[in-house]
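Given next are the chains, with one letter for each unit.
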Amino acid sequence: MLEIKNIYAKAGDTEILKNLNLSVKPGEVHAIMGPNGSGKSTMGNLLAGMPHVTATSGSVTYQGKDLLQMEPEERAAEGVFLAFQYPVEIPGVNNMYFLRTAYNAQRKYRGEDNLDSAAFLRMVKEKIKQLHMSDDLLKRPVNVGFSGGEKKRNEVFQMAVLEPNLAIMDETDSGLDIDALRVVADGVNQLRSPDRSFVIITHYQRLLDYIEPDFVHVLVDGEIVKSGTKKLALELEEQGYGWLES
Amino acid sequence: MAGLKVDWLAAAYQPATEVRWPDWMQAKKQAALATLSTLPGPSRKLELWRYSDADRLQKSELDSAANTERELTTADNAVVINLTTQGVDFDRNLPDWLSLKPIQELPENQWLDMDLSPALAKELVVQSLNQGLFTHGVVVDVSAQAPQDATVVLRYDVAEFNRWTYLRNVINIEKNAAVTIDEHYVTGRINVVNNYRVAQNARLTRHQHNVLHAGQQHVSLQHFTLAENAYVESQNRHESGNLQHHIHWVDFTAEQAEYRSGSVNKAGHNSHIADIVLINHAFKNNISDVTHRSLADDSAQIFNNAKAVVAKGADGSEITQDLKNILLSGDAKIASKPELEVYTDEVVAAHGSTIGALDENVLFFLRSRGIGLEQAKAIMMVSFEQEAIIC
Numbered sequence: 001m002l003e004i005k006n007i008y009a010k011a012g013d014t015e016i017l018k019n020l021n022l023s024v025k026p027g028e029v030h031a032i033m034g035p036n037g038s039g040k041s042t043m044g045n046l047l048a049g050m051p052h053v054t055a056t057s058g059s060v061t062y063q064g065k066d067l068l069q070m071e072p073e074e075r076a077a078e079g080v081f082l083a084f085q086y087p088v089e090i091p092g093v094n095n096m097y098f099l100r101t102a103y104n105a106q107r108k109y110r111g112e113d114n115l116d117s118a119a120f121l122r123m124v125k126e127k128i129k130q131l132h133m134s135d136d137l138l139k140r141p142v143n144v145g146f147s148g149g150e151k152k153r154n155e156v157f158q159m160a161v162l163e164p165n166l167a168i169m170d171e172t173d174s175g176l177d178i179d180a181l182r183v184v185a186d187g188v189n190q191l192r193s194p195d196r197s198f199v200i201i202t203h204y205q206r207l208l209d210y211i212e213p214d215f216v217h218v219l220v221d222g223e224i225v226k227s228g229t230k231k232l233a234l235e236l237e238e239q240g241y242g243w244l245e246s
Numbered sequence: 001m002a003g004l005k006v007d008w009l010a011a012a013y014q015p016a017t018e019v020r021w022p023d024w025m026q027a028k029k030q031a032a033l034a035t036l037s038t039l040p041g042p043s044r045k046l047e048l049w050r051y052s053d054a055d056r057l058q059k060s061e062l063d064s065a066a067n068t069e070r071e072l073t074t075a076d077n078a079v080v081i082n083l084t085t086q087g088v089d090f091d092r093n094l095p096d097w098l099s100l101k102p103i104q105e106l107p108e109n110q111w112l113d114m115d116l117s118p119a120l121a122k123e124l125v126v127q128s129l130n131q132g133l134f135t136h137g138v139v140v141d142v143s144a145q146a147p148q149d150a151t152v153v154l155r156y157d158v159a160e161f162n163r164w165t166y167l168r169n170v171i172n173i174e175k176n177a178a179v180t181i182d183e184h185y186v187t188g189r190i191n192v193v194n195n196y197r198v199a200q201n202a203r204l205t206r207h208q209h210n211v212l213h214a215g216q217q218h219v220s221l222q223h224f225t226l227a228e229n230a231y232v233e234s235q236n237r238h239e240s241g242n243l244q245h246h247i248h249w250v251d252f253t254a255e256q257a258e259y260r261s262g263s264v265n266k267a268g269h270n271s272h273i274a275d276i277v278l279i280n281h282a283f284k285n286n287i288s289d290v291t292h293r294s295l296a297d298d299s300a301q302i303f304n305n306a307k308a309v310v311a312k313g314a315d316g317s318e319i320t321q322d323l324k325n326i327l328l329s330g331d332a333k334i335a336s337k338p339e340l341e342v343y344t345d346e347v348v349a350a351h352g353s354t355i356g357a358l359d360e361n362v363l364f365f366l367r368s369r370g371i372g373l374e375q376a377k378a379i380m381m382v383s384f385e386q387e388a389i390i391c
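So the sequences go chain by chain: A and B.
Here the numbering used here is used: the first residue of the first sequence is 1, the next is one more, and so on.
Here the numbering used here is used: the first residue of the second sequence is 1, the next is one more, and so on.
What the hints contain is simulated information worked out from the structure, not anything from laboratory work.
Every residue, glycine too, gets a C-beta built ideally from N, C-alpha and C.
Treat the hints loosely; a few may be bogus.
What the hints assert, rightly or not - Far from chain A, by Cβ distances over 12 Å, these chain B residues were calculated:
{"#": "1", "residue": "85"}
{"#": "2", "residue": "87"}
{"#": "3", "residue": "89"}
{"#": "4", "residue": "101"}
{"#": "5", "residue": "105"}
{"#": "6", "residue": "153"}
{"#": "7", "residue": "159"}
{"#": "8", "residue": "349"}
{"#": "9", "residue": "354"}
{"#": "10", "residue": "359"}
{"#": "11", "residue": "360"}
{"#": "12", "residue": "367"}
{"#": "13", "residue": "375"}
{"#": "14", "residue": "386"}
{"#": "15", "residue": "387"}
As the list claims (entries may be wrong) - Label-pair ranges, simulated between beta-carbon atoms:
{"#": "16", "chain 1": "B", "residue 1": "348", "chain 2": "A", "residue 2": "192", "range": "52 to 60 Å"}
{"#": "17", "chain 1": "A", "residue 1": "114", "chain 2": "B", "residue 2": "382", "range": "18 to 26 Å"}
{"#": "18", "chain 1": "A", "residue 1": "94", "chain 2": "B", "residue 2": "21", "range": "49 to 57 Å"}
{"#": "19", "chain 1": "B", "residue 1": "214", "chain 2": "A", "residue 2": "118", "range": "36 to 44 Å"}
{"#": "20", "chain 1": "A", "residue 1": "116", "chain 2": "B", "residue 2": "45", "range": "56 to 64 Å"}
{"#": "21", "chain 1": "A", "residue 1": "107", "chain 2": "B", "residue 2": "382", "range": "37 to 45 Å"}
{"#": "22", "chain 1": "B", "residue 1": "75", "chain 2": "A", "residue 2": "144", "range": "27 to 35 Å"}
{"#": "23", "chain 1": "B", "residue 1": "354", "chain 2": "A", "residue 2": "132", "range": "36 to 44 Å"}
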């Protein structure tokens with residue numbers, strides 16, 4: 001699914017990722033943990049194509065294609081989804097319109113016909129019901145007036161509608177109370193499938209109580225310094241990152 | 001310029017049949033022309049013309065294209081007034097709540113002089129020309145019997161493309177009345193002055209829809225007088241054109257009134273748009289709230305100005321000026337100027353102005369969901385405009 005090899009990358013003028021390597025197979029869930037400033041979000045932004053994050057060397061292959069050569073919208077249409085750490089607000093544009101535009105743009109890229117309004121409405125209502133979220137979300141402007149938890153739930157809802165192959169969750173748990181965390185985690189778990197992979201970026205082990213990862217990696221100073229199973233996350237919870245930073 | 005009168009008279013459309021003006025109105029016209037003939041033409045030396053190319057006012061060949069008409073109104077109780085080259089045209093079978101008559105039948109006591117004092121005459125010289133040169137217009141009287149969806153459409157559809165047509169309208173909204181007035185530009189080189197007289201407890205919802213072709217020009221002065229507890233909400237859309245220059249002049253004539261306006265200004269190619277709001281808080285406890293959202297692309301220029309003057313003793317005035325602007329190209333220019341002149345103590349005022357580019361984070365968010373760059377920009381522009389849509 002995803003092969004990151006020897007990536008060095010800058011955010012603006014600052015080199016953040018230094019010899020990053022990661023391999024993700026279909027259906028796998030990888031958790032990326034690490035201290036502040038280690039490059040976790042930069043990694044997510046690089047994969048999604050944020051303009052000011054640029055690779056200076058190395059390669060990223062996604063489903064056999066050179067991901068770094070694609071525009072952000074092409075990556076999305078190829079099935080890459082980034083759940084934002086800080087979802088943006090778009091006043092005056094309701095979720096329903098935004099999502100249908102995104103959904104049909106992706107279909108167009110893939111050579112498929114647009115889904116008409118009625119069919120799209122049926123589909124999103126079904127999705128929102130499955131995720132136990134209120135369909136009031138559809139009528140509201142994108143993230144405007146949303147609480148932190150609502151914004152993160154909206155990210156999960158977008159993911160459910162767009163059905164990516166590779167979902168990168170950038171600190172989706174940050175700022176969530178325990179109930180919101182459960183809702184978000186339930187949403188992610190519902191979307192797990194043999195064809196869909198997840199890269200979950202988090203500071204805390206608590207999210208991994210709800211989303212069971214196949215692998216846990218520790219990113220320090222732009223490089224994965226240790227990989228393991230969920231046990232590694234528990235060790236980090238007890239000991240912190242200090243023992244890996246030296 | 002030797003005198004404005006000669007140049008501008010030659011450039012003004014004159015109807016084949018001379019209108020018979022009442023003596024007092026003819027005297028007003030002559031007096032205005034006499035004053036204006038002593039003034040220089042507009043130029044960048046003037047504050048209100050600093051960011052517009054006034055030479056374009058004298059351009060000889062303009063675009064003859066008519067604009068694609070949007071649906072004028074969906075209201076059941078709507079009356080359309082066509083202001084054309086020939087004059088004013090409307091369905092004579094008017095509802096009881098509405099009275100219309102030609103401008104030459106305006107009672108003298110309803111006439112509002114342009115302020116041609118030395119301080120203002122130069123700045124307002126183009127709009128003031130209207131007082132001397134207007135050839136036709138309509139007096140609209142809306143009574144308190146107007147139904148909830150009462151709507152009057154002023155449709156500017158002048159077939160004279162190169163010479164200026166000067167129109168003057170007076171809109172009286174009587175005590176306790178409520179009405180929607182839609183000003184809709186179709187075509188023509190038009191200089192219009194509208195006097196909106198909003199009486200006690202009356203309510204005006206006004207839309208100005210000026211979407212012009214690249215070669216068209218439109219100049220306007222909208223003068224609002226608000227009596228006690230009057231309420232005006234004014235929604236303006238100014239798009240494209242060779243030149244648009246609009247002044248919204250607001251006078252509170254009593255207390256407890258409110259004026260709210262929202263403007264969307266969009267200029268591309270080589271378009272120049274000026275959107276100027278001047279509000280006089282001469283009495284206590286009035287509210288004004290001005291929101292502008294402007295987008296300039298290519299080598300276009302936009303001037304936003306919201307100015308409020310709070311007179312001595314006009315305590316309890318509340319003023320908000322919110323001007324935000326986006327530059328879509330390196331060659332586009334926007335000048336944005338919120339202004340407060342406060343001569344009293346107890347005032348609540350907030351003003352702000354920003355000029356920037358489209359937010360990169362939002363653009364990336366939209367693209368990361370599969371939306372292409374151009375469509376993402378279009379969505380962001382709609383989102384930006386929405387902040388200025390008030391009615």
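Range hint compliance [Cβ, residue 107/A to residue 382/B, 37 to 45 Å]: 22 Å, violated
Interface-negative label, residue 354/B against chain A, beta-carbon threshold 12 Å: 15 Å, holds
Least C-beta distance from residue 153/B to chain A larger than 12 Å: Label holds. Min Cβ-Cβ 26 Å, cutoff 12 Å.
Range hint 56 to 64 Å (beta carbons of residue 116/A and residue 45/B) holds or violated: 58 Å, holds
Distal placement of residue 359/B relative to chain A, Cβ over 12 Å: For residue 359/B, whose nearest Cβ neighbour in chain A is about 7 Å away, the distance does not exceed 12 Å, so it is violated.
Pairwise beta carbon distance, residue 348/B to residue 192/A, judged against the given window 52 to 60 Å: 54 Å, holds
Cβ separation check - residue 85/B to all of chain A, threshold 12 Å: At roughly 39 Å from the nearest Cβ of chain A, residue 85/B sits farther out than 12 Å, so the non-interface label holds.
12 Å Cβ clearance of residue 87/B from chain A: Residue 87/B clear of chain A: closest Cβ-Cβ about 40 Å, beyond 12 Å.
Outside-interface status for residue 101/B - nearest CB in chain A farther than 12 Å: Its Cβ never comes within 12 Å of chain A, the nearest being 41 Å, so this holds.
Non-interface label on residue 387/B, tested against every C-beta of chain A at 12 Å: Its Cβ does come within 12 Å of chain A, the nearest being 6 Å, so this is violated.
Non-interface label on residue 375/B, tested against every C-beta of chain A at 12 Å: The claim breaks: residue 375/B does not keep its Cβ more than 12 Å from every Cβ of chain A (closest is about 7 Å).
Assertion that residue 89/B lies outside the chain A interface [Cβ separation over 12 Å]: Check passes; 37 Å lies beyond 12 Å.
The structure does not agree with the numbered hints 10, 11, 12, 13, 14, 15, 21 stated previously, though it agrees with the rest.
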